[in-house]
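This is what each chain is made of:
Protein chains: 2
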Amino acid sequence: MSSALCDQFGIDFPLFAFSHCRDVVAAVTNAGGFGVLGATAYSPSQLDRELAWIDDAVGGKPYGVDLIVPAKFEGKGEKLSGSDLAARIPQSYRDLVDDLLRAHDIEPEPERRIGGASLSGNTGRELLDVALTHPVKLIANALGVPPDYMIEAGKERGIPVAALVGAKEHAVKQVAAGVDLIVAQGTEAGGHCGEVSTLVVVPEVLEAIDGAVPVLAAGGIVTGRQMAGMVAMGAAGAWTGSVWLTTEEAETAPHTVAKMLAASSRDTVRSAGRTGKPSRQLKSEWTDAWLPSAEGHQPLPLPLQSMLCEPVIRRVDVLAAQGHQGAQALATYFVGQGVGLMNKVKPAREVVREFIEDYLAAADRLSNSLPG
Amino acid sequence: MSSALCDQFGIDFPLFAFSHCRDVVAAVTNAGGFGVLGATAYSPSQLDRELAWIDDAVGGKPYGVDLIVPAKFEGKGEKLSGSDLAARIPQSYRDLVDDLLRAHDIEPEPERRIGGASLSGNTGRELLDVALTHPVKLIANALGVPPDYMIEAGKERGIPVAALVGAKEHAVKQVAAGVDLIVAQGTEAGGHCGEVSTLVVVPEVLEAIDGAVPVLAAGGIVTGRQMAGMVAMGAAGAWTGSVWLTTEEAETAPHTVAKMLAASSRDTVRSAGRTGKPSRQLKSEWTDAWLPSAEGHQPLPLPLQSMLCEPVIRRVDVLAAQGHQGAQALATYFVGQGVGLMNKVKPAREVVREFIEDYLAAADRLSNSLPG
Ligand SMILES: Cc1cc2nc3c(=O)[nH]c(=O)nc-3n(C[C@H](O)[C@H](O)[C@H](O)COP(=O)(O)O)c2cc1C
Ligand SMILES: Cc1cc2nc3c(=O)[nH]c(=O)nc-3n(C[C@H](O)[C@H](O)[C@H](O)COP(=O)(O)O)c2cc1C
Chain A
878 MSSALCDQFG
888 IDFPLFAFSH
898 CRDVVAAVTN
908 AGGFGVLGAT
918 AYSPSQLDRE
928 LAWIDDAVGG
938 KPYGVDLIVP
948 AKFEGKGEKL
958 SGSDLAARIP
968 QSYRDLVDDL
978 LRAHDIEPEP
988 ERRIGGASLS
998 GNTGRELLDV
1008 ALTHPVKLIA
1018 NALGVPPDYM
1028 IEAGKERGIP
1038 VAALVGAKEH
1048 AVKQVAAGVD
1058 LIVAQGTEAG
1068 GHCGEVSTLV
1078 VVPEVLEAID
1088 GAVPVLAAGG
1098 IVTGRQMAGM
1108 VAMGAAGAWT
1118 GSVWLTTEEA
1128 ETAPHTVAKM
1138 LAASSRDTVR
1148 SAGRTGKPSR
1158 QLKSEWTDAW
1168 LPSAEGHQPL
1178 PLPLQSMLCE
1188 PVIRRVDVLA
1198 AQGHQGAQAL
1208 ATYFVGQGVG
1218 LMNKVKPARE
1228 VVREFIEDYL
1238 AAADRLSNSL
1248 PG
Chain B
878 MSSALCDQFG
888 IDFPLFAFSH
898 CRDVVAAVTN
908 AGGFGVLGAT
918 AYSPSQLDRE
928 LAWIDDAVGG
938 KPYGVDLIVP
948 AKFEGKGEKL
958 SGSDLAARIP
968 QSYRDLVDDL
978 LRAHDIEPEP
988 ERRIGGASLS
998 GNTGRELLDV
1008 ALTHPVKLIA
1018 NALGVPPDYM
1028 IEAGKERGIP
1038 VAALVGAKEH
1048 AVKQVAAGVD
1058 LIVAQGTEAG
1068 GHCGEVSTLV
1078 VVPEVLEAID
1088 GAVPVLAAGG
1098 IVTGRQMAGM
1108 VAMGAAGAWT
1118 GSVWLTTEEA
1128 ETAPHTVAKM
1138 LAASSRDTVR
1148 SAGRTGKPSR
1158 QLKSEWTDAW
1168 LPSAEGHQPL
1178 PLPLQSMLCE
1188 PVIRRVDVLA
1198 AQGHQGAQAL
1208 ATYFVGQGVG
1218 LMNKVKPARE
1228 VVREFIEDYL
1238 AAADRLSNSL
1248 PG
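First to last, the sequence lines map onto chains A and B. Be aware that the first sequence starts at 878, since it is given in my numbering, and climbs by one per residue. Be aware that the second sequence starts at 878, since it is given in my numbering, and climbs by one per residue.
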């Protein structure tokens, strides 16, 4: 494709792929798109190893990293240890989780494991420092305006900083803070998301920031025709996450892949019951337990809810993989409504190829609709 | 535009406009689009007058009617009178409404008015009979598969029957039942809507019905660029509702128009608290009172909830128009997330003109993104 964004990033096709899996990142980059590694869950030394692997695999082609450094979280500015934070998780919430496990024939562990506070953003700076020792070509951030150190690091080194937003007001704030690329993400997206649909939030953001920086469309995009629709509307390209979860390279657990292939677009739910911020995921008996209609348990703020839930969800996933029925009913995974269109496991490079073909066919369709 | 659908309907531009207001219907049809009159709220003789007026105004150009005949409703097949139905509205619901009014400085009426059971579908057949005495070129229906008499009447007279759906499974059922045109409507739409976004449900429906009948995209579409995006994806055109509410011709109350012009896309909510089925509308203290987190009051089934609520909402609207503050906090109106992009009152013909221009510009944008 010919576009300013392709020139800026040195890519053939402005398809950005968020993934936690280095193989997906490298495969998309090598196929002419732009892979972005989700780095939040890594320790600094792990991240270093992952990026070194990607450097080898892409031979100089461009890729990026994504850090979630939330702008607001429990204990911000208080210098708390993980156990100080853990002490803020009320007993009634621990009990609710234990009851839920027992109701699914899973014995709660006698020593409760509480997860790391990765969503507290405390490790963001260290992860960024590691990333900057690699030739990353994009730094992305979600859940609020990036911290100053991130924007400054980008400006100093000429690396664009991208921010994910779910509302035009947030896009305006991000541009004012110095962000170079906006990802306008609709409510149909996998992971954290706002309320407004991609079809509405993309033109709203484009209008609100009026060309100040390029805008990528995100949320529900799993085909080239959807991407083409977004480019017709004025987006500079697409930012995607869900579609890579069922590629051959992804490390998604087999029972999760099976759930995704079988799922329709109505099998996801936007719920704050996993991290404390609304995020879209597969509906399950876990997400049911945190519906607003359930009695009295509002999800806890970042990072407490995920400290409480992530270790349990991971344990549930291990049991589910072994065929445990209660665990299978509880198991969930971040994914967007596009899951309804994800019906086959494919290599990531094949997904990129199909995106391109489908994009071209869509462009033809629109131009054939014109008179003459 | 050149398309099979334009040829079939004898129109220049496949923009379908749903409106309760005859002036909007005629203006859109006269501007080269296709106006569709929402007929549910009319008595048969009123509908006859409205359609006669439109016949005069459009001079043979095509327009349609929309009847909501729900496939399922309380008392279906029981031959109940309005007051039999009204007796099924529990006292606790009447009390909730009265309490809500009092909390907003509105004295409940001593003799409660209970609304007509238009959403029971009982009047659908009579309304259809009236419509068929006019040269209507489309019969549309929502909330389930149209009754047999509607599909048969269409087939006999060669008038296409359209159905609104919010999920691919429903589209498949509608095609099997003999429907000629599918409106695939996303969760961002004004009025009754499903959970899946337009960007996802449109390709899902297209894939599921595999060309059996044309598909119009609906939900959140208030600009030509969005319509172009949907045509690129394979839709035959757009079906719209919200965008006409702030046109000069619309009979929307001035305080409602003011709320809509000021609203962002995050000021709507999908709630069953008005009709018993989830529908999107402006957030207000009325919709707050029916959130799933509110204590114990699940909305009643069709048509009971709207029999209870419509007369109250109409009274609230009258008071709101007079400047009553409590009423203004309660006032709500069906509208979609596209309301965030509706910022100016314009003549309906101007809206059509802008759609066309914006559509052409979007087609250019997409074709300029291609190499060479
Ligand atoms: C499994 C999963 C995990 C995600 N984790 C992150 C994350 O750590 N940081 C982030 O910025 N976005 C994250 N996202 C959101 C993606 O960056 C992207 O915006 C989103 O997936 C786009 O919508 P789609 O899933 O419909 O393609 C995640 C998405 C998924 C599906
Ligand atoms: C005020 C209002 C009333 C509506 N009433 C009906 C109706 O009676 N019958 C129907 O089929 N659709 C109805 N709809 C839905 C529209 O037909 C259309 O599908 C919807 O407005 C499309 O989404 P949009 O509002 O984002 O354009 C209504 C929509 C609005 C905004």
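Derived from the structure by calculation, the hints contain no laboratory data. Wrong hints could be hidden among the right ones.
Identical chains blur together in the list; that is why a pair holds if it fits in one copy or across any two.
[As the list claims (entries may be wrong)] Capping the alpha-carbon separation at 20 Å, the derived lysine to any residue pairs in SDA-like fashion look like this: (1) K1221 to E1084; (2) K1223 to E1084; (3) K1050 to R1143; (4) K1032 to G993; (5) K1050 to L1218; (6) K1221 to D961; (7) K1050 to A1140.
Evaluated hints:
Proximity of K1221 and E1084 under a CA criterion of 20 Å is satisfied inter-copy only: 14 Å between copies versus 37 Å inside one chain copy. For the identical chains of this complex, K1223 and E1084 are inter-copy neighbours only, at 19 Å across copies versus 37 Å inside a copy, given an alpha-carbon limit of 20 Å. Proximity of K1050 and R1143 under a CA criterion of 20 Å is satisfied inter-copy only: 17 Å between copies versus 33 Å inside one chain copy. In the homo-oligomer, the alpha carbons of K1032 and G993 never lie at most 20 Å apart, since the shortest distance is 30 Å inside one protomer and 64 Å across protomers.
For the identical chains of this complex, K1050 and L1218 are inter-copy neighbours only, at 19 Å across copies versus 34 Å inside a copy, given an alpha-carbon limit of 20 Å. Taking CA atoms no more than 20 Å apart as the test, K1221 paired with D961 passes in neither setting, with 45 Å inside one copy and 52 Å between copies. Taking identical chains as interchangeable, the C-alpha atoms of K1050 and A1140 lie at most 20 Å apart only when they sit on different chains, with a minimum of 19 Å there against 36 Å within one chain.
When the structure is compared with the earlier hints, violations turn up for hints 4, 6 and for no others.
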